[in-house]
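> Generate the whole structure from the sequences, applying the supplied hints.
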Amino acid sequence: MAARKTYEIPLNRVEGDLEVRLDVDEGVVVDAWSAGTMFRGFEKLLVGRGALDGLVVTPRICGICSTTHLLAAAKALDMIAGVTPPPNGVRLRNVALMAELVQSDLRHAILFFLVDLAGPAYRHHPLHEEALRRFEPLRGESWIQAVMETKKILEITAMIAGQWPHSSFMVPGGVAFMPHSTELLQSRYILGRLRSWYEEQVLGCRLDRWREVTSAALLDEWLDESPAHRESVLGFFIRFARSSGLDATGRGHDTFLSFGSLDLPDGTDVASPDGGPHLIPAGFARGTEVESFAPEFITEDVSHSLAALHEGALHPSEGATDPVVGEHGSRYSWAKAPRYRGLPAETGPLAEAIVAGDPFFRDLVAREGAGTFARQLARIVRPARVLPAMETWIAEVAASDTEPMYHACPPIEEGRGYGVIEAARGALGHWVEVRGGRITRYQVITPTTWNGSPRDSTGTRGPWEEALVGTVIAEPNDPVEAGHVIRSFDACLVCAVHAVDLRRAPGALPPLPAASRPR
Amino acid sequence: MSLLSTETPNVVQLFQSLDLDLLWHPSLSNLPPTEQTILHERLVSGRQHLDILVVEGSILHGPDGSGMFDTRLGRPKRELVAELATQAEYVVAAGTCASYGGFGTRGETQAGGLQWDRGQKGGLLGPDFVSRGGSPVINLAGCPCHHDVMAGTLLALTSGFPLPLDEYNRPQHWYGVMVHQGCTRNEYHEYRIEEQDFGQKGCLFFHMGCHGPLAGGPCNKLLWNQRSSKTRVGVPCFGCTDPEFPPPYPFFQTRNIEGIPLQLPKGIDRAHYMAYKGMAAAAAPRRLKDRITDI
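As you go down the protein sequences, you meet chains Z and R in turn.
Here the first sequence is numbered in the working numbering, starting from 1 and rising by one per residue.
Here the second sequence is numbered in the working numbering, starting from 1 and rising by one per residue.
By construction, these hints were calculated from the structure, which means they are not laboratory data.
Backbone N, C-alpha and C define an ideal beta-carbon position, used for all residues, glycine too.
Treat the hints with caution; some may be incorrect.
Unchecked claim - Short, incomplete list of chain Z residues facing chain R, as computed with Cβ under 10 Å:
(1) S66
(2) T157
(3) S181
(4) E183
(5) T268
(6) A408
As the list claims (entries may be wrong) - Lysine-lysine pairs mimicking DSSO-like chemistry, simulated, CA-CA at most 27 Å apart:
(7) K201(R) x K121(R)
(8) K221(R) x K266(R)
(9) K152(Z) x K266(R)
(10) K289(R) x K266(R)
(11) K77(R) x K44(Z)
To be verified - Stretch by stretch, here's where chain Z covers chain R in the computed footprint (C-beta under 8 Å, at least three residues):
(12) 10 to 22
(13) 215 to 228
(14) 250 to 259
Structure, rendered in structure tokens:
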């Protein structure tokens, strides 16, 4: 078939290094393989270190969500120590993490995703001039605003954590410091500033108005209701997606996973959407059918992975990272393939919304499918759910700043524990084993390991490999359409490739094994 | 990501005022992949001038010295970095990993720095490397590098102001101060009022593994995110600006001999230090013993 070609494409702005192999037939992607191109081995260098050292080492896996790794590490140690942080410890952990989350969502949306629309691939699109004015790097008005406003909200994290990124202020039992009440009062102003900008420029409406959008039909009504809606970042994204076909791409396996996150402290006024213990509920969904989540159903399949050679799929508490060099049959990636009940699952803001039973996103995916548009839309509007709870928790801490933020716990000598939470990009888990006060096993499964996983023993593609199939590529030298699909998962290869890679020179990806080679 | 937090100038002012084009940045650029490859060829052949090359992250030499743990289109990235370094007026290592190797120097990734391997000169470019502008690699150590240090370095290099370097080729201006300087727990340190557990008022040096008096860096001089620092909020300094970071011993605990830290403040004489601390503890005022003085 003369028209069928294979392209290997390096991608930037995925917070790390990613190369994707696409098989393109008559301009349509018919198969896809993806791989990070850097192996870092963070888990192995934790073995033998002190019991608390995950608090220092794992935040440094990633520069954009270091606080998230810190929380997963701290929760694993809470479990081993058998200690529950006091309510203010939970609140301060949450608030520092939420500032990072909002930062990450807005930087991703504007600096990483929408910036593509200002690229040369769209120079003939009718909205290109507008995209340039808004999103051109270092010049676009929304680009500049996003840098300034997200920088400001990180001051809240710095007041609690000392610095952003890479603090280690969460410790088993809570946090190391209670900010002064004047700082907490200041942080309410910082948050108010971010909220004003988000409402005026990103949404184009008040949070209350956005919450009234509970169906796909109401989204269309909302867009037509006022120029402020159409001219906002969100409004522009919707108009662009509708006019460029972005809303017809990127459908994955329609399986969704959320580990649940942001524990509700005792006595809080913040309510969870499902009556459960988290602001962001946990669950697994096939389509929009949600079932409860249990960490026992997570396995790591290494049938196509060079990360380890063990037989069958293992639970992460038993898993190992032991990369091998050389030819090993059908193994084409150093990434492992995490599976839930044996199935691949996508994770991130859209998965969270579906698991939480959000009426708008359930209606949208029922009508249009869970693809690039729904995934990216869920990310842009997630701060609308997060900001009000942040306001409440800051106020609650300020009103009770003489209450403890830390419960002392004995030195951690022995035990096994895990911390499973939601990062900006989705489900993140740390599994830790300590013996004699030293780490004997540390396994991390990041959201990008779920979303960007290789095939498993049944030959089933990972979520974004699957989502790429069917994508129409206009210009193979600038396959911006494939970039949109992958970026809609907010790919973070910095964190995934702590256990991912391909070796072999030259040629970025190793030769495909016969079994998965296109016929 | 750290650089985006710089305030004066902010990152937009920085690039608008410097008459510098940001040719490529992994997180900020939207150059299509083919144009990126063309740009790389123009830089390597000298047809595109390169004023400053900033490298973040360690140079990976694994597995088994092949460099294939970190590639771009099948080539070890270390080859790309070495090619670009020969064309640049100045080469800047952003962070401890690019400077000295950092994480992974003791592991299978065989990480190293641009011109150093931990505390030894060498690295990818070799001990004698001098860039076209006449400087060795400028090491902006820290995990991460402080945002104002990066911005200040770019300002100094483009403005032609001298940037004297210390013994580890870090700008003296920012690394010639100790992290300890400016810590709001200094009073507690001075009179040896010690924090024994998280969340107390006290100095973190004697039990909690703080490297503030051991490591050079501007954390308590410039502050982070215009606000604070780890030591101010009760988190020990982990010494991330040190060429030997991460150390092989556990964080959060101070190795000691009979209660006296094994590693004393940089350059101090042990016998005199013990005498001094004994007297200081005896002289401690009530406001510190009773933890009344705030942090």
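> Count the residues of the segment 215 to 228 of chain R whose Cβ falls closer than 8 Å to any Cβ of chain Z, and tell me whether that reaches three.
holds (count 6)
> Classify the hint on A408(Z) as holds or violated, based on whether any CB of chain R lies nearer than 10 Å to its CB.
holds, 6 Å
> Does S66(Z) pass the interface hint, meaning its C-beta sits closer than 10 Å to a C-beta of chain R?
holds, 9 Å
> Compare the distance between the alpha carbons of K289(R) and K266(R) with 27 Å, and conclude whether the hinted pair is satisfied.
holds, 26 Å
> Report holds or violated for the interface hint on E183(Z), using the least CB-CB distance to chain R and a cut-off of 10 Å.
holds, 8 Å
> Using 10 Å as the Cβ threshold, decide whether S181(Z) counts as touching chain R.
violated, 12 Å
> In terms of beta carbon proximity below 8 Å, does the segment 10 to 22 of chain R have 3 or more residues touching chain Z?
Coverage by chain Z holds here, the residue count being 6 at a Cβ distance below 8 Å.
> Under the criterion that the straight-line Cα-Cα distance not exceed 27 Å, is the pair K77(R), K44(Z) satisfied?
The hint holds at about 22 Å.
> Hint check: K152(Z) vs K266(R), CA-CA at most 27 Å. Holds or violated?
Violated. K152(Z) to K266(R) sits at ~35 Å, over the 27 Å cutoff.
> Between the segment 250 to 259 of chain R and chain Z, are there enough contacts, at least three residues with CB-CB distance under 8 Å, for the coverage claim to hold?
Coverage by chain Z holds here, the residue count being 4 at a Cβ distance below 8 Å.
> For the pair supplied as a hint, K221(R) and K266(R), confirm whether the alpha-carbon distance does not exceed 27 Å.
holds, 18 Å
> Do the numbers back the hint for T268(Z), that is, is its least Cβ distance to chain R under 10 Å?
violated, 21 Å
Taken one by one, the earlier hints fail for this structure at numbers 3, 5, 7, 9, listed in ascending order.
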